[in-house]
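As you go down the protein sequences, you meet chains U and F in turn. Count the first sequence with the working numbering and you get residues 2 to 477, in order. Count the second sequence with the working numbering and you get residues 2 to 477, in order.
Check before you lean on any hint, since a few could be wrong.
Okay, the calculated bits of chain U under chain F, using three or more residues with CB under 8 Å as the criterion [claimed, not checked]:
no., region
1, 68-82
2, 176-186
Pairs of lysine to aspartate or glutamate residues, derived as DMTMM-like cross-links and limited to a Cα-Cα distance of at most 25 Å, are as follows [to be verified]:
no., chain 1, residue 1, chain 2, residue 2
3, U, K300, F, E256
4, U, K300, F, D71
5, U, K300, F, D315
6, F, K300, U, E312
7, U, K349, U, E411
For the record, the hints were derived by calculation from the structure and aren't laboratory data. Where a beta carbon is used, it is the ideal one built from N, C-alpha and C, also for glycine.
Number of protein chains: 2
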Amino acid sequence: MEAVATIPARTTAGDPARRSPSADLIARLQRRFGDRLSTSRAVLLQHGTDESAYAPQAPDAVLFVQSTDDVAFVVRACAAERVPIIGFGVGSSVEGHLLAVQGGVCVDFSQMNKVLAVRPGDLTATVEAGVTRGQLNAALAETGFFFSVDPGADASIGGMVATAASGTNTVRYGTMRDNVVNLTVVTATGEVVRTASRARKSSAGYNLTQLYCGSEGTLGLITEATVRLHPHPEAVAAAVVHFPSVRAAVDTVIEAIQLGVPLARAEMLDALTIRAVNAHSRTSLSENPTLFLEFGGTKEQIEAQAEVMREIADSHGGGAFEWALRQEERTRLWTPRHHAYFACLQLKAGSRSLTTDACVPLSELAQCIDETQADIDAHGLLAPVFGHVGDGNFHCLVLVDPADASQNEEAEAFSRRLVARALRHGGTSTGEHGVGLHKMHYLEDEHGREGVALMRALKQALDPDNIFNPGKVVAI
Amino acid sequence: MEAVATIPARTTAGDPARRSPSADLIARLQRRFGDRLSTSRAVLLQHGTDESAYAPQAPDAVLFVQSTDDVAFVVRACAAERVPIIGFGVGSSVEGHLLAVQGGVCVDFSQMNKVLAVRPGDLTATVEAGVTRGQLNAALAETGFFFSVDPGADASIGGMVATAASGTNTVRYGTMRDNVVNLTVVTATGEVVRTASRARKSSAGYNLTQLYCGSEGTLGLITEATVRLHPHPEAVAAAVVHFPSVRAAVDTVIEAIQLGVPLARAEMLDALTIRAVNAHSRTSLSENPTLFLEFGGTKEQIEAQAEVMREIADSHGGGAFEWALRQEERTRLWTPRHHAYFACLQLKAGSRSLTTDACVPLSELAQCIDETQADIDAHGLLAPVFGHVGDGNFHCLVLVDPADASQNEEAEAFSRRLVARALRHGGTSTGEHGVGLHKMHYLEDEHGREGVALMRALKQALDPDNIFNPGKVVAI
Chain U
2 MEAVATIPAR
12 TTAGDPARRS
22 PSADLIARLQ
32 RRFGDRLSTS
42 RAVLLQHGTD
52 ESAYAPQAPD
62 AVLFVQSTDD
72 VAFVVRACAA
82 ERVPIIGFGV
92 GSSVEGHLLA
102 VQGGVCVDFS
112 QMNKVLAVRP
122 GDLTATVEAG
132 VTRGQLNAAL
142 AETGFFFSVD
152 PGADASIGGM
162 VATAASGTNT
172 VRYGTMRDNV
182 VNLTVVTATG
192 EVVRTASRAR
202 KSSAGYNLTQ
212 LYCGSEGTLG
222 LITEATVRLH
232 PHPEAVAAAV
242 VHFPSVRAAV
252 DTVIEAIQLG
262 VPLARAEMLD
272 ALTIRAVNAH
282 SRTSLSENPT
292 LFLEFGGTKE
302 QIEAQAEVMR
312 EIADSHGGGA
322 FEWALRQEER
332 TRLWTPRHHA
342 YFACLQLKAG
352 SRSLTTDACV
362 PLSELAQCID
372 ETQADIDAHG
382 LLAPVFGHVG
392 DGNFHCLVLV
402 DPADASQNEE
412 AEAFSRRLVA
422 RALRHGGTST
432 GEHGVGLHKM
442 HYLEDEHGRE
452 GVALMRALKQ
462 ALDPDNIFNP
472 GKVVAI
Chain F
2 MEAVATIPAR
12 TTAGDPARRS
22 PSADLIARLQ
32 RRFGDRLSTS
42 RAVLLQHGTD
52 ESAYAPQAPD
62 AVLFVQSTDD
72 VAFVVRACAA
82 ERVPIIGFGV
92 GSSVEGHLLA
102 VQGGVCVDFS
112 QMNKVLAVRP
122 GDLTATVEAG
132 VTRGQLNAAL
142 AETGFFFSVD
152 PGADASIGGM
162 VATAASGTNT
172 VRYGTMRDNV
182 VNLTVVTATG
192 EVVRTASRAR
202 KSSAGYNLTQ
212 LYCGSEGTLG
222 LITEATVRLH
232 PHPEAVAAAV
242 VHFPSVRAAV
252 DTVIEAIQLG
262 VPLARAEMLD
272 ALTIRAVNAH
282 SRTSLSENPT
292 LFLEFGGTKE
302 QIEAQAEVMR
312 EIADSHGGGA
322 FEWALRQEER
332 TRLWTPRHHA
342 YFACLQLKAG
352 SRSLTTDACV
362 PLSELAQCID
372 ETQADIDAHG
382 LLAPVFGHVG
392 DGNFHCLVLV
402 DPADASQNEE
412 AEAFSRRLVA
422 RALRHGGTST
432 GEHGVGLHKM
442 HYLEDEHGRE
452 GVALMRALKQ
462 ALDPDNIFNP
472 GKVVAI
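Just chain U, with the same shape it has in the complex (with noise of 0.2 Å):
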């Protein structure tokens, strides 16, 4: 890696939001991280570059850190200056969560991927926040246990705890926040705190845990977290069934969950993701709303689940109820919706994607999405719609040249109107992608003017110096 003589020029000429780190701070931090300090101009514009729309925003320096006292430092040499850190995981942000938008040092977690403890008794582990979920269940494979939260990307542990992130098991496993047991973190004196202790409850004073978990760097940074595990179930069944309508899809699901039916997965993909995924795997499914399930436990619990819930589909008017056991026909009843998210960029050639995340109670979800789909519709907009149904939460990709201005401006008014009626349907603005920088300008809308000034408060009290990826979540 580069020298120092080699940071970029500042971009902070004319720039009085930027604060960038001293040529004093930079030899400090070398003195320590040798070439785990990198200002190479690729290094800075990759660690400022993540899955959203934005343009990146280069930090001033990266640095590799391997321990909970690399961070520490870290953070005591950058709160003397008053200068930004700003966590990195692996970078799959949708919100915009790692730009460095007033410049500062970006604390990269990639070395930190131990996974410090097993422990099949307690069904917990504990891990370097940089261990990345899929090196996780690596280390757990020989286990019999899992750990369950599965964002579309391998994401880091300590990036899915900063944005509580979730994926298409939370309707069985739950959310992060229902995962994390404690966590490690650096705060803003460079103390270190552990948040909570292994016991699987407590209620030993304020809520630290949860406070850090979905703060998106904002009020410390984390360095390990200890999760939870689930064991295997016995056996899995996948099934696929399209029904005449989202709604019909929509209340299969709620019934099921309203009987108790403890669904695996439950994930809908709409008809236009379904004519994506025909065109992108020349497949030949029906062009309907379509569930994707999954079941798990006894072979014979899995049987009666998926009779219970193919007579409930058939009550909706759902289709052939596809269903299977063996792993390879699961994968192949299931690829579809592994393939969605691709198979929809290519509906439209060069686009990219503006992703929403609205989350709604589930009563309000199939009535929230039709009026999505009429939105669509009468805005010419080209947007398949799938979600974790169980959940209340969907995805529109809305596809936009990312050349084109005026394309990019009406998804974003797009993604406005959907927020207001995700609010307006007792929902949230964000199910699980966070608030990063795209959605700050909704939080007051969704807690209240009231209710922003608290979590300003709370920023205030944890980061008074505001070092912690600033200007994200609340403005101060």
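Based on these hints, arrange chain F on the given structure of chain U.
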């Protein structure tokens, strides 16, 4: 109720910590609340008394609020004079939560007892904070759904949120933390904040819901809560089985959880508790550590679960596996568990109990209980032990003569040793009872000075004048 003129002589004389309301403030409150303001000695005393061993400490006035607006009015009025405000549900705290250690106004929520909405389609209900769990479940009787959290007392939902309460079916349905969707809270400036939407999950900013859940009235007053509901299982079964040792009983439950058996309840009573029950109920249960189990699901599922459980119990030396499906039989099997608390109190006539609340990781539970029973024996204490084994949470009822100071001090010394032991085993001082007054001096041992400093910063940020339940959780 009595008129203002009957306010008892202030106890503030010479007590600089006491911050009692002025006569002006009382008059102002009385203009709004009329006879819903009480200063009768009996009412004050009742509201300064809980189920802990602490001597009562009465507030200066009690207000029976009927709306969130009422609460906001009280907070604004009291804030102007920095007069303490203490929320009161049913008074079932066991840790001194509601003692008016600095005087002030007690806000009694018993008249805020309306179930505001039941939404079967969302599996949620919204209630005023004074609704008790019994009242809510009565309101749900015809719906097919129930509210799961079941501490010993028929506590108010607001109180249960405030202490992050749990109970016997946490092993299946989670604690209050897992079952609260959003809260309406009144902040220190008298603003009304809804902490979250009604969506099942959200990543929209800091988790205010979980910050208030477990805050014990020290950050604001909770006036409404939206909680999760669960469908009644189709069938329920109960089982009772005794074991040669605590370890064998605990290991049986851990193995079942590792295998994914969805236990609905898993309670352990130790041999002394069984002896107390036998004496109390004239039964002749084998005086051994005994598991009380519950299963829920379809009839086939629970039979399969019970069969697995029977095998696991057998492999750990369990005795006869008594099992029942029918309601009356189930009730008969579980009666010893329901009577345990009162049966234990009667082991020694005229005694009261200091009740501990340690919670440790599952794998540490048997060892921690073994060491605790050895401690009980070594110190000649009379202390039955029972616990929510699936959560790693157990209670010791240390029986003492309330008039005997040395017995009380011995019990407190035992409690201190137990907390230290629980922390050594990776656990917490309190699984479900909260901090109150009683556990404050253990918080630093559990969270470190830095962790408690964070909590103190949160308290100061949200309650800068320390008006909400001062002197609890963290000292300011």
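Evaluation of the provided hints:
1. Judged by the Cβ-Cβ criterion of 8 Å, the region 68-82 of chain U is not covered by chain F as claimed, because only 0 of its residues qualify and three are needed.
2. Only when three residues or more bring their CB closer than 8 Å to a CB of chain F does the claim for the region 176-186 of chain U stand; here the count is 3, and the claim holds.
3. For the given pair, K300 (chain U) sits about 20 Å from E256 (chain F) by alpha-carbon distance, which is consistent with the 25 Å threshold.
4. Restraint check: the Cα-Cα separation between K300 (chain U) and D71 (chain F) comes to about 56 Å, which exceeds 25 Å; the hinted pair is violated.
5. Only pairs whose Cα atoms come within 25 Å are accepted, and K300 (chain U) paired with D315 (chain F) is accepted, the gap being roughly 24 Å.
6. For the given pair, K300 (chain F) sits about 19 Å from E312 (chain U) by alpha-carbon distance, which is consistent with the 25 Å threshold.
7. For the proposed pair K349 (chain U) and E411 (chain U), the alpha carbon gap of about 16 Å is at most 25 Å, so the pair holds.
When held up to the earlier numbered hints, the structure conflicts with 1 and 4 and fits the remainder.
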